[in-house]
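**Student:** Chain by chain, the residues run as shown.
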Amino acid sequence: MSENQPAQPAESFEPKVVALCCTYCAYTAGDLAGSMRLEYAPNVRIVKILCTGKVDAILLLRAFEDGADAVYVAGCALGDCHFQEGNLRAIQTVAHAKKLLAEVGLEPERLEFFHVPASAGPLFAQRANEMTDRARKLGPNLLRRSARQPAGGKLAKPPDAHPPLPQAKLGRLVHQADRTDVSTGGPAAPGDLPTGVQA
Amino acid sequence: MIVAQRKPLDQIEAMLAGFEKILIVGCGTCVAVCMAGGEKEVELLAAQLRMKAKLEGKPRTVDEITITRQCDKEYLDQLARFVAEYDVILSAGCGAGVQFLAERYDDKLVLPALNTLFIGVAEGPGTWSQRCTACSECILDQTGGICPMTICAKNLLNGPCGGTNHGKCEVDGEKDCAWTLIYRRLEKLGRLDLLEKIQAPKNYAAMAKPGRYSHEAFQQADTQE
Chain A
0 MSENQPAQPA ESFEPKVVAL CCTYCAYTAG DLAGSMRLEY APNVRIVKIL CTGKVDAILL
60 LRAFEDGADA VYVAGCALGD CHFQEGNLRA IQTVAHAKKL LAEVGLEPER LEFFHVPASA
120 GPLFAQRANE MTDRARKLGP NLLRRSARQP AGGKLAKPPD AHPPLPQAKL GRLVHQADRT
180 DVSTGGPAAP GDLPTGVQA
Chain B
0 MIVAQRKPLD QIEAMLAGFE KILIVGCGTC VAVCMAGGEK EVELLAAQLR MKAKLEGKPR
60 TVDEITITRQ CDKEYLDQLA RFVAEYDVIL SAGCGAGVQF LAERYDDKLV LPALNTLFIG
120 VAEGPGTWSQ RCTACSECIL DQTGGICPMT ICAKNLLNGP CGGTNHGKCE VDGEKDCAWT
180 LIYRRLEKLG RLDLLEKIQA PKNYAAMAKP GRYSHEAFQQ ADTQE
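Going down the list, the protein sequences come from chains A and B. No gaps in the numbering here: position 40 of the first sequence is 39 in numbering that gives the first Met the number 0, and each next residue is one more. No gaps in the numbering here: position 95 of the second sequence is 94 in numbering that gives the first Met the number 0, and each next residue is one more.
Misleading hints may appear alongside valid ones.
Mimicking EDC-like on lysine to aspartate or glutamate, the simulated pairs with C-alpha atoms at most 16 Å apart in a straight line are [as the list claims (entries may be wrong)]:
1. B/LYS51 / A/ASP159
2. B/LYS6 / A/GLU111
3. A/LYS98 / A/GLU84
Stretches of chain B that chain A covers, calculated by requiring three or more beta carbons in the stretch to come under 8 Å of a beta carbon on chain A [to be verified]:
4. 7-20
5. 37-46
6. 56-62
7. 65-76
Calculated from the structure, these hints are not laboratory results. Glycine included, each C-beta is placed from N, C-alpha and C at the ideal position.
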């Protein structure tokens, strides 16, 4: 869908935008935007992450599957990554995820990577507005109708205080419900028996 | 390792037309390392297939399982209690894995999710290149550890040919001339004398398809029985 198409009626559609912000730059810029009393779109849900290099394509796809209208990853300026090259990895990951979205039939413009240095409070607000406007122009993400969380930013389950380290789950069946049902709260934790399998 | 690449989603969608319950079976060995059919890639593919079905209003359930290897019966047996529930199995293994899976569960349609490319090495993150054509008679001892059967476009055993062009190949100017590489390597090793030896014609019968091999230890066990 191109941006030339007429925008959806604004009053009927409030886009849900997810911003994955790195602790050191974009999130600090968000703090600064707050301290500067800058106004930006309230549609943006900020997720603080240690480094944008941690972002995996599946996280971005899941955000859209769960009904986000736009997602952006905001990281440090080139050469400023606290972990040397995390933002460079994220740029590659976002480019890959855009291709995956296009294959599925979602507009890749719904996903973007931005450099937001820690000192750039106004830029943080500008990017938030930019992505919200873009989502408004593109219209609602049709996947939201069937998403496991129809509205709001509530978590399906409280976060683990001590999350287990990721480990390979070879030979274990993962049911679609484990990925999509709100009742199961996402993929089963390692050590749990897969759904439908007798002990 | 065996290097593979995921098929375009449109192609996979076309294969899956008319099927509702899909089991994607990943492989945790070669294709997991080359980021084509391991646990993560299976999760990505499942998410894509779910999203596409929802957008097009098609009913579809996609379950996922990744086993250690699809080229060993022991691991394929792990799937026995699940396969009956599905309309179709989408294998994210290499060509060998798909076939072995289809052979083990021959009453179920097994479809390939990958295109298998070659036996190769990881050049760097995300890039692989071919190193071996499995010719069954290795001559790397004669060629400084560089395979003319794979790197040379003409499979020349006594090179270079007249088409070598300042270290590049006449067939494809982007590719290195295998025999220039071999010369430089042997020069570095002080073994240029190896180039004076004429290689006998290759025994192509040794790489006749389909190959089959039994380990010596097991051959002896057979004859003593």
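**Student:** Residue count check for the segment 7-20 of chain B against chain A: does it reach three with CB-CB under 8 Å?
**Tutor:** Contact hint for the segment 7-20 of chain B vs chain A: holds, 3 residues under 8 Å.
**Student:** Under a C-beta cut-off of less than 8 Å, do 3 or more residues of the segment 56-62 of chain B approach chain A closely enough to confirm the stated coverage?
**Tutor:** With 3 residues close enough to chain A, the hint holds.
**Student:** Report holds or violated for chain A covering the segment 65-76 of chain B, Cβ cut-off 8 Å, minimum 3 residues.
**Tutor:** holds (count 4)
**Student:** Holds or violated: B/LYS51 with A/ASP159, Cα cutoff 16 Å?
**Tutor:** Violated, at about 31 Å.
**Student:** For B/LYS6 and A/GLU111, compute the direct alpha-carbon distance and say whether it is at most 16 Å.
**Tutor:** Violated, because 25 Å separates the two Cα atoms, which is more than 16 Å.
**Student:** Can you confirm whether the C-alpha distance between A/LYS98 and A/GLU84 stays at or below 16 Å?
**Tutor:** Answer violated: A/LYS98 to A/GLU84 is near 22 Å, above 16 Å.
**Student:** Are there three or more residues in the segment 37-46 of chain B whose C-beta lies closer than 8 Å to some C-beta of chain A?
**Tutor:** Three-residue rule met by the segment 37-46 of chain B, so holds; n is 6.
The structure does not agree with the numbered hints 1, 2, 3 stated previously, though it agrees with the rest.
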